[in-house]
Amino acid sequence: MRCEGERLSRRTNWLLAANAVMLRLEQLSRALDRKYDPDQPRVPAGQPGGGQWTSGPGSSTVTDAPSGAENEVPADDLVGAILDVAQQLAAGRATLKECINLCYPILERYQPRRSDLNEFDFRKCLNACLGLR
Amino acid sequence: MNIDVARHVIRALFRSGRELEDLIPLLKENCETSEYEVYVKAIATALASIHLEIGNRITASHPALEQEIESTIKKYGRYL
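Protein chains in written order, with my numbering: chain U, -7 to 125; chain S, 2 to 81.
I should point out that these hints are in silico values taken from the structure, not numbers from a laboratory. It cannot be assumed that every hint is accurate.
What the hints assert, rightly or not - Think about it this way: if two alpha-carbon atoms lie no more than 30 Å apart in a straight line, the pair counts; the simulated DSSO-like pairs of lysine-lysine are: (1) U/Lys116 with S/Lys42; (2) S/Lys29 with S/Lys75; (3) S/Lys29 with S/Lys42; (4) U/Lys116 with S/Lys75; (5) S/Lys75 with U/Lys89; (6) U/Lys89 with U/Lys116; (7) U/Lys116 with S/Lys29; (8) U/Lys89 with S/Lys42; (9) U/Lys116 with S/Lys76; (10) S/Lys29 with U/Lys89; (11) S/Lys42 with S/Lys76.
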């Protein structure tokens, strides 16, 4: 009886964690879809703020990032959120496949070429999810 | 394994991983979504093997390397 209760409790925790993962993955998917628009105008070279994103032709408003990004979770926060979920999954003894499914979006973040940061964060996520660190 | 050899191996792991990771945007641009999902997860699985089977074993033997890797990547963006 006690074993059954523990099993149900673990199952509930697992479902809660899985829901949290799905929510974060959806947010990530939306962020990736919206963040880069090759057609979004930029301030022409030679002008103040040249090359930066702007909200439209003739607009003086310079934005820090491509349109839509302002409402999204910043990349660092997203990694933090994924790591939080990874730690929750670790408590439920997640499998390697579950952890890979949780952590792989980290590898999709834009990084400068030759950067090791995504790989490092991915490794950190796996270790957290598997309860190894 | 002495710590210099350990550093050399860790660099090789990240270098191999970068080669695989660099494929991700290429695949995203050139594959159907369902096909891309299969490949990105396969790449993630390969990277997981690299770091769990080799990287973790090395950092377990040389715990000081863990902090060294983190601080170097945070400072320079890669493990030099």
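Do the hints match the structure? See the list:
Under the criterion of a C-alpha separation no larger than 30 Å, the hint pairing U/Lys116 with S/Lys42 is consistent with the structure, at around 17 Å. Restraint check: the Cα-Cα separation between S/Lys29 and S/Lys75 comes to about 27 Å, which is no more than 30 Å; the hinted pair holds. About 12 Å separates the Cα atoms of S/Lys29 and S/Lys42, which keeps this hinted pair within 30 Å; it holds. Using a Cα cut-off of 30 Å, the hinted pair U/Lys116 and S/Lys75 holds, with the two alpha carbons roughly 13 Å apart.
With a CA separation close to 28 Å, the supplied pair S/Lys75 and U/Lys89 stays within the 30 Å bound. Restraint check for U/Lys89 and U/Lys116: satisfied, since their Cα atoms lie roughly 15 Å apart, inside the 30 Å limit. For the proposed pair U/Lys116 and S/Lys29, the alpha carbon gap of about 24 Å is at most 30 Å, so the pair holds. Distance check on the hinted pair: U/Lys89 and S/Lys42 sit about 9 Å apart at the alpha-carbon level, within 30 Å; holds.
Annotation: proposed proximity of U/Lys116 to S/Lys76 holds, straight-line Cα distance about 17 Å (limit 30 Å). Between S/Lys29 and U/Lys89 the alpha-carbon distance is near 21 Å, which keeps this suggested pair within the 30 Å criterion. The hinted pair formed by S/Lys42 and S/Lys76 meets the criterion: a straight-line CA distance of about 28 Å does not exceed 30 Å.
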